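Colleague: Line by line, the protein sequences are chains V and A. If you're matching positions, the first sequence starts at 2 in this note's numbering and goes up one per residue. If you're matching positions, the second sequence starts at 2 in this note's numbering and goes up one per residue.
Each hint should be verified, as a subset may be incorrect.
[To be verified] Not the full set, but computed from the structure, chain A residues with beta-carbon under 7 Å of chain V:
hint, residue
1, Val3
2, Ser4
3, Leu7
[Unchecked claim] For lysine-lysine, the following DSBU-like pairs were computed, each having C-alpha atoms within a straight-line distance of at most 35 Å:
hint, chain 1, residue 1, chain 2, residue 2
4, A, Lys28, A, Lys92
5, V, Lys28, A, Lys37
6, A, Lys98, V, Lys92
7, V, Lys63, A, Lys92
8, A, Lys22, A, Lys63
9, A, Lys98, V, Lys98
10, V, Lys37, A, Lys28
11, V, Lys28, A, Lys92
12, V, Lys22, A, Lys63
13, A, Lys63, A, Lys28
14, V, Lys92, V, Lys37
15, A, Lys63, V, Lys28
16, V, Lys37, A, Lys63
17, A, Lys28, V, Lys28
18, V, Lys63, A, Lys98
19, A, Lys37, V, Lys22
20, V, Lys98, A, Lys63
21, V, Lys22, A, Lys92
Because the hints were derived from the structure by calculation, they are not lab data. Remember, predicted model here, so these are calculated numbers, not experimental data. Note that beta-carbon positions come from the ideal geometry of N, C-alpha and C, so glycine has one too.
There are 2 protein chains.
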Amino acid sequence: VVSVGLHLLVDLHGSDPVRLKNVELVKTCLPGAAAKCGMTAMGPPVLHQFPGQGVTGVLVLKESHISVHTWPEHAFAALDIFTCGPADPRKAVDFIKQLLGASASRTVTVDRG
Amino acid sequence: VVSVGLHLLVDLHGSDPVRLKNVELVKTCLPGAAAKCGMTAMGPPVLHQFPGQGVTGVLVLKESHISVHTWPEHAFAALDIFTCGPADPRKAVDFIKQLLGASASRTVTVDRG
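Assemble the whole structure, with the sequences as input and the hints as a guide.
Modeller: Shown next as structure tokens:
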């Protein structure tokens, strides 16, 4: 058995629906979150705006990936961060939580490997 | 509290290292896995080959996303599938497990929301 890294699944509740529809905000927050914990993006984020609804954003990292999916109608965002190496993914979580204006969060942490 | 979908984190052990280095195989397996459970890709997969090492592949779906990260040196692949809606993500897991030749798997399922 080998441990390759930590995978955090973070449910963010009570976020601002206007921010959760804002694809430009999600586009900015992903590289910003990676930078906060010294992770390296392997390209630009992949983004998809569902017309009048939520946003999907994924950033592939040297250390694995970050994804955000939003549901403005539920003031909810689902975040996952998978990091290999010494980076502390909790800093990325705090950054995105603040940027989306979430009032509550629940994190499930899984040691992958 | 709202449930938006299931997020499966699947550790695949005992995979063939040659397959785990094969970016073309990963490129094929992601849309194939999505098709197996009737999910819709929102574009081509994003791929990264670490020279002489593993592969990262991410496919953004209408129903959320699938990612695969491989470690040929550990005969290991880390898979995550986040699906919203009626699709059964277990069919996608079985498809990728078979394609990568994994002999064992461990799945953590998280109800997101």
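Colleague: Does each hint hold? Answer for all of them.
Modeller: For each hint, the structure was consulted:
1. Val3: holds (5 Å)
2. Ser4: violated (10 Å)
3. Leu7: Since chain V brings no Cβ nearer than about 11 Å to A/Leu7, farther than 7 Å, the hint is violated.
4. A/Lys28 <-> A/Lys92: holds (18 Å)
5. V/Lys28 <-> A/Lys37: holds (30 Å)
6. A/Lys98 <-> V/Lys92: This hinted pair holds, its Cα atoms lying about 33 Å apart.
7. V/Lys63 <-> A/Lys92: Cα-Cα ~28 Å, so holds.
8. A/Lys22 <-> A/Lys63: holds (28 Å)
9. A/Lys98 <-> V/Lys98: holds (34 Å)
10. V/Lys37 <-> A/Lys28: holds (30 Å)
11. V/Lys28 <-> A/Lys92: holds (31 Å)
12. V/Lys22 <-> A/Lys63: holds (16 Å)
13. A/Lys63 <-> A/Lys28: holds (18 Å)
14. V/Lys92 <-> V/Lys37: holds (6 Å)
15. A/Lys63 <-> V/Lys28: holds (18 Å)
16. V/Lys37 <-> A/Lys63: Since the Cα atoms of V/Lys37 and A/Lys63 sit roughly 29 Å apart, the hinted pair holds (cutoff 35 Å).
17. A/Lys28 <-> V/Lys28: Distance ~24 Å between A/Lys28 and V/Lys28 Cα, so the pair holds.
18. V/Lys63 <-> A/Lys98: Distance ~23 Å between V/Lys63 and A/Lys98 Cα, so the pair holds.
19. A/Lys37 <-> V/Lys22: holds (30 Å)
20. V/Lys98 <-> A/Lys63: holds (23 Å)
21. V/Lys22 <-> A/Lys92: It holds: about 31 Å lies between the C-alpha atoms, which stays within 35 Å.
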